[in-house]
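A.B. asks: Sequence:
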Amino acid sequence: MDIEDILKSKKVKVTEIPSWGTYLRKPWELNFANHLSFNDKKSIYLYDQDGACGYLWHLFSYGKKSCKKDEQAQTAFNNEQKDKCYIFYQHSDHALLIENARLFSADDLINEEDVYVVDKEFSWTYVKTHETGWCGPYFSRK
Numbered sequence: 007m008d009i010e011d012i013l014k015s016k017k018v019k020v021t022e023i024p025s026w027g028t029y030l031r032k033p034w035e036l037n038f039a040n041h042l043s044f045n046d047k048k049s050i051y052l053y054d055q056d057g058a059c060g061y062l063w064h065l066f067s068y069g070k071k072s073c074k075k076d077e078q079a080q081t082a083f084n085n086e087q088k089d090k091c092y093i094f095y096q097h098s099d100h101a102l103l104i105e106n107a108r109l110f111s112a113d114d115l116i117n118e119e120d121v122y123v124v125d126k127e128f129s130w131t132y133v134k135t136h137e138t139g140w141c142g143p144y145f146s147r148k
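Just so you know, we're using our numbering here: the sequence shown kicks off at 7 and counts up by one.
Take the hints with a grain of salt, since some may be wrong.
[Claimed, not checked] Using 30 Å as the maximum straight-line C-alpha spacing, the simulated BS3-like pairs for lysine-lysine come out as follows:
1. Lys-126 - Lys-16
2. Lys-90 - Lys-75
3. Lys-32 - Lys-75
4. Lys-16 - Lys-48
5. Lys-75 - Lys-17
6. Lys-148 - Lys-75
7. Lys-90 - Lys-17
8. Lys-47 - Lys-126
9. Lys-32 - Lys-14
10. Lys-126 - Lys-48
11. Lys-126 - Lys-71
12. Lys-32 - Lys-47
13. Lys-90 - Lys-74
14. Lys-148 - Lys-17
15. Lys-126 - Lys-74
16. Lys-148 - Lys-90
17. Lys-148 - Lys-48
18. Lys-19 - Lys-32
19. Lys-16 - Lys-148
[Said to hold, decoys possible] Using C-beta positions, here's what the derived DEER-type ranges look like:
20. Glu-119 - Ile-23: 17 to 23 Å
21. Asn-117 - Trp-26: 18 to 24 Å
22. Lys-17 - Asn-40: 31 to 37 Å
23. Asn-37 - Asp-113: 21 to 27 Å
24. Trp-140 - Asp-113: 17 to 23 Å
Everything labelled a hint here was simulated from the structure, so no lab data went into it. The beta-carbon is built from N, C-alpha and C at its ideal position, and this holds for glycine as well.
Required output: the full structure, derived from the provided sequences and hints.
C.D. replies: This is how it looks when you write it as structure tokens:
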């Protein structure tokens, strides 16, 4: 079952927002990594360059922003009061707007990789990486 079906089965309203991945990655960076210089961002491979695939979540794996990790991150995400959120991916422009998200939990992302969840105000984020168990998941506040 994909994430959309999982959420719809929980009565979460899911709206596809095609091509918004690019749009959402930039404000995520501005809200969570704005304390880093361009060179700092480059040094942690935040961007795709020179064959090293960039990941926004490197902000957490390189220790450049405080966050909860692993089970603590999942618990923080599950306990967060969620209403409207965005779901987007590192390497896809596919994105979702979800509403009435209070039943949305970390377990719903079991089949997802390099996925970012952020509330509409970009005040908190939950990230599940393709290296979960080694790097992530992560939960952080702005």
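A.B. asks: State for each hint whether it applies.
C.D. replies: Tested hints:
no., hint, in the structure
1, Lys-126 - Lys-16, "20 Å, holds"
2, Lys-90 - Lys-75, "23 Å, holds"
3, Lys-32 - Lys-75, "23 Å, holds"
4, Lys-16 - Lys-48, "40 Å, violated"
5, Lys-75 - Lys-17, "28 Å, holds"
6, Lys-148 - Lys-75, "16 Å, holds"
7, Lys-90 - Lys-17, "13 Å, holds"
8, Lys-47 - Lys-126, "24 Å, holds"
9, Lys-32 - Lys-14, "27 Å, holds"
10, Lys-126 - Lys-48, "27 Å, holds"
11, Lys-126 - Lys-71, "20 Å, holds"
12, Lys-32 - Lys-47, "13 Å, holds"
13, Lys-90 - Lys-74, "22 Å, holds"
14, Lys-148 - Lys-17, "28 Å, holds"
15, Lys-126 - Lys-74, "20 Å, holds"
16, Lys-148 - Lys-90, "17 Å, holds"
17, Lys-148 - Lys-48, "21 Å, holds"
18, Lys-19 - Lys-32, "24 Å, holds"
19, Lys-16 - Lys-148, "28 Å, holds"
20, Glu-119 - Ile-23: 17 to 23 Å, "20 Å, holds"
21, Asn-117 - Trp-26: 18 to 24 Å, "21 Å, holds"
22, Lys-17 - Asn-40: 31 to 37 Å, "35 Å, holds"
23, Asn-37 - Asp-113: 21 to 27 Å, "26 Å, holds"
24, Trp-140 - Asp-113: 17 to 23 Å, "19 Å, holds"
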